[in-house]
Amino acid sequence: AQTVTQSQPEMSVQEAETVTLSCTYDTSESDYYLFWYKQPPSRQMILVIRQEAYKQQNATENRFSVNFQKAAKSFSLKISDSQLGDAAMYFCAYRSWEDDKIIFGKGTRLHILP
Amino acid sequence: GAVVSQHPSWVICKSGTSVKIECRSLDFQATTMFWYRQFPKQSLMLMATSNEGSKATYEQGVEKDKFLINHASLTLSTLTVTSAHPEDSSFYICSASRDRANEQFFGPGTRLTVL
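So the sequence lines, in the order shown, correspond to chains A and B.
Residues in the first sequence are numbered consecutively from 1, following the numbering used here.
Residues in the second sequence are numbered consecutively from 1001, following the numbering used here.
If we strip away everything but chain B, and leave its shape as in the complex, we get (with noise of 0.2 Å):
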C-alpha cells in the first residue's frame, strides 16, 4: 500500500510553453501534498505544500504565479510549470501524506527538459 504516482515519468517542451504534471496517491487519501524540485547531483527542495480544496502554500522564492497548483482532490495534486525556459528545466518529485503521524510517500519523480 501507500503508492504514489507521478504523470509523465519524463517530458520534453519548448519554451514558452505550458507543462502539467500529475501526482496521485493510488491506495490512500492524501490530505496533504508535497512538491519538490531536485537538481543534479542535489538534495530535493521543497516548492509547496498543499491541502484539498486549499491554495497552495509556497516556500520562499518559489514563483506562485509559475508554478501553479491545485489539489482537487484526496487522491490528486497537479502542477503547472508556465511558459516554461530551459532554467526551469529539473527532476520534480511529488509526496503524499495521510496525516501528521504517518511518513510522506513519494512518487517517482518527472524529469522535465526545456528546450
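Chain A on its own, in the form it takes in the complex (with noise of 0.2 Å):
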C-alpha cells in the first residue's frame, strides 16, 4: 500500500522569505501523480501543484515549485517571497494512475511571520 509521509508538523518562516517543506511517499508504482494542497483556515482544499511521475521535470505555479526525485521517492514544496495569505495547512497527496483515490500526508502547518 502507498503512504505519504510529512514529517513537519509545523513551520514558521519570515514574510518575503523561502521555505521548503517536505514529503515522503513509498509506492511500488512507476506512475503516478503527486499533489500539494493548501487548506487555510476556510479549510477549502485547494491544489497548489501537480506533478506526473513521468515528467521529469519539476512543476513550478508561480511560487511555487517542488522539487521531485523519483528515484528517493521524495516530492518537497519550495515557496518563494511567503507571504500572509501562504499560512495554512499544506498536504502532500499521492494518486495512483489506475485509482482515482488520493492519500494524504498528515499535514504540515505553516506559519508566515511578518
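Hints are computed from structural coordinates only; laboratory data are not their basis.
From a predicted model like this one, the values you see are computed outputs, not experimental measurements.
Accuracy of the hints is not assured; some may be wrong.
Unchecked claim - Here's a subset of chain B near chain A, in silico, CB distances under 10 Å, partners left out:
#	residue
1	Gln1029
2	Thr1031
3	Phe1034
4	Leu1046
5	Lys1055
6	Thr1082
7	Ser1083
8	Pro1108
9	Gly1109
10	Thr1113
11	Leu1115
Unchecked claim - Below, computed lysine to aspartate or glutamate pairings styled on EDC-like, alpha-carbon distance capped at 20 Å:
#	chain 1	residue 1	chain 2	residue 2
12	A	Lys55	A	Glu10
13	A	Lys106	B	Asp1065
14	A	Lys101	B	Glu1087
15	B	Lys1041	A	Asp100
16	A	Lys70	A	Asp31
17	B	Lys1055	A	Asp99
18	B	Lys1066	B	Asp1099
19	A	Lys101	A	Asp26
20	A	Lys101	B	Glu1063
21	B	Lys1055	A	Asp100
22	B	Lys1041	A	Asp86
23	A	Lys101	A	Glu10
24	A	Lys106	B	Glu1052
25	A	Lys70	A	Glu98
26	A	Lys101	B	Glu1059
27	B	Lys1041	B	Glu1087
28	A	Lys101	B	Asp1099
29	A	Lys106	A	Glu15
30	A	Lys106	A	Glu17
31	A	Lys55	B	Glu1103
Positions of the beta carbon are idealized from the N, C-alpha and C atoms, including for glycine.
Relying on the hints, combine the two individually framed chains into one complex.
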C-alpha cells in the first residue's frame, strides 16, 4: 500500500523569505501523480501544484515549485517570497495512475511571520 | 470552472437523528465523487468513492449502513449519516472528478455537530 509522510508538523517562515516543506512517499508503482494541497482556515482544499511521475521536469506555479526526486521518492514544495496569505495547512498527496483515490499525508502547518 | 458545492455548510442535530449532506458539481459532470472525513488538526480520511448509478465503495472500517452514499446523477452525490451520535461529529468534505486524468475538485466542507 502507498504511504505519504510529512515529517514536519509545523513550520514558520518570515514574510518574503523562502521555505521548503518536505514529503516522502512509498510506492511500488512507476506511474502516479503527486500533489500539494493547501487548506487555509476556511478549510477549503486548494490545489497548489501537481506533478506527473513520468515527467522529469519539476512543476512550477508562480511562487510555488517542487523538487521531485523519483528514485528517492521525495516531493518537496518550495514557496518563494512567502506571503501572509500562504499561512495554511499543506498536505502532500499521492494518486495512483490506475486508481482515483488520493492518499494524503498528515500535513504541515505553515506560519508566516510578519 | 470546476466548482463543487456542499450543502449545508454546517449542521447541528440531536443524537439519534439522520442528517443528509449534498455534494454538487456545478459546472461539470463528475464521473466519480469522493467523501472524506477530517477530524480537528488531522488529515483527510477517505470514507468512500461513488460512481454515478452504482453502489459506493467504502474504505475499510467505514460502516456503510451508517454512512449512506447515493450518487444519483453526474452532478449530485449525497451522504446520509444515519442515527447520528456525538462521535460522528466531524468535518465532512466531498470532492468530484471528471475522469482519471483530471484532478479532484473539493467542496468547501460541512461541519456536523451531534448533540
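Now the hints, each set against the structure:
no.: 1; hint: Gln1029; result: violated, 15 Å
no.: 2; hint: Thr1031; result: holds, 9 Å
no.: 3; hint: Phe1034; result: holds, 7 Å
no.: 4; hint: Leu1046; result: holds, 6 Å
no.: 5; hint: Lys1055; result: violated, 16 Å
no.: 6; hint: Thr1082; result: violated, 24 Å
no.: 7; hint: Ser1083; result: violated, 26 Å
no.: 8; hint: Pro1108; result: holds, 5 Å
no.: 9; hint: Gly1109; result: holds, 5 Å
no.: 10; hint: Thr1113; result: violated, 15 Å
no.: 11; hint: Leu1115; result: violated, 21 Å
no.: 12; hint: Lys55(A) <-> Glu10(A); result: violated, 30 Å
no.: 13; hint: Lys106(A) <-> Asp1065(B); result: violated, 28 Å
no.: 14; hint: Lys101(A) <-> Glu1087(B); result: violated, 25 Å
no.: 15; hint: Lys1041(B) <-> Asp100(A); result: violated, 25 Å
no.: 16; hint: Lys70(A) <-> Asp31(A); result: holds, 10 Å
no.: 17; hint: Lys1055(B) <-> Asp99(A); result: holds, 17 Å
no.: 18; hint: Lys1066(B) <-> Asp1099(B); result: violated, 28 Å
no.: 19; hint: Lys101(A) <-> Asp26(A); result: holds, 15 Å
no.: 20; hint: Lys101(A) <-> Glu1063(B); result: holds, 18 Å
no.: 21; hint: Lys1055(B) <-> Asp100(A); result: holds, 16 Å
no.: 22; hint: Lys1041(B) <-> Asp86(A); result: holds, 18 Å
no.: 23; hint: Lys101(A) <-> Glu10(A); result: violated, 26 Å
no.: 24; hint: Lys106(A) <-> Glu1052(B); result: violated, 30 Å
no.: 25; hint: Lys70(A) <-> Glu98(A); result: holds, 18 Å
no.: 26; hint: Lys101(A) <-> Glu1059(B); result: holds, 10 Å
no.: 27; hint: Lys1041(B) <-> Glu1087(B); result: holds, 16 Å
no.: 28; hint: Lys101(A) <-> Asp1099(B); result: holds, 12 Å
no.: 29; hint: Lys106(A) <-> Glu15(A); result: violated, 24 Å
no.: 30; hint: Lys106(A) <-> Glu17(A); result: violated, 24 Å
no.: 31; hint: Lys55(A) <-> Glu1103(B); result: holds, 17 Å
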